[in-house]
Amino acid sequence: MATAERSGMLIEVFIDHACPHSALQAAAFRAVEQDVSVRWRVLPLAGRVSDLPTAERRMHAARFVADWPRVAAIGAADFGWTMVRPEWPIDSRIAAAAALHVRRALPSAESAVNEALFKARFLDGEDIASPAVVSSIVGRAAGGRCEEGLMNALSPSAVDEALAPDRLEAERLSLRAVPALVIFDRLLVGAQRPAVLRGIIAQSRAGAHA
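Its first residue numbered 92, the sequence shown is counted upward by one per residue in the working numbering.
Please note: incorrect hints may appear among the correct ones.
[As the list claims (entries may be wrong)] Quick list of simulated restraints, FRET-style, between CB atoms:
1. Ile291 to Ser248: 35 to 45 Å
2. Ala146 to Gly240: 14 to 24 Å
3. Leu143 to Gly290: 19 to 29 Å
4. Arg121 to Arg263: 35 to 45 Å
5. Leu278 to Arg139: 19 to 29 Å
6. Ser199 to Pro256: 19 to 29 Å
7. Pro144 to Ala268: 16 to 26 Å
8. Gly281 to Pro256: 18 to 28 Å
9. Gly216 to Met242: 18 to 28 Å
These aren't lab readings, by the way, just hints derived from the structure by calculation. By construction, the Cβ of each residue, glycine as well, lies at the ideal position given by its N, Cα and C atoms.
Model the full structure from these sequences, guided by the hints.
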């Protein structure tokens, strides 16, 4: 839950590293230079797509392809990105577990690692379902300061346990889509572009101090 802090505002942001809209939302926070702290929550919904009935998987795949031109246009307009449409679906639990490992080992690098994972998938076409690839991405983004214990954190036996707290928080909020923001008990689902995000932050801050 978002709370006011002496340094500004804390916002919870639910993301999935396989979701291009989550990539846009993470980039929007980086572009918004305001006194805001972010608590990342990883919710790898794409990791469960393989459990869906075939018809539903096809529906999600068709939606991903149909929505891609709009996503790529926003990425280009807002951030100067040249996005590469990746294969879909992909199991994003490995990337999520890596981000959580960084959260524990070096919190100051968490945002940079999330950004690197998104860029690896949507700009460089890297396979973020591969533990070896993800380990390399984390190493580059965190300057090699999170290597100890990382591969153990990416093992199948460790991944689901690591993801449980963020998943349970999403269930508490009845949240089934990402990206999503929680600001002072207000839940906003869907990527907010930088200009809109600035307005949301200003309105929320004004309301908190009214």
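Original post:
Hints broken by the structure, by number, lowest first?
Top reply: 2, 3, 4
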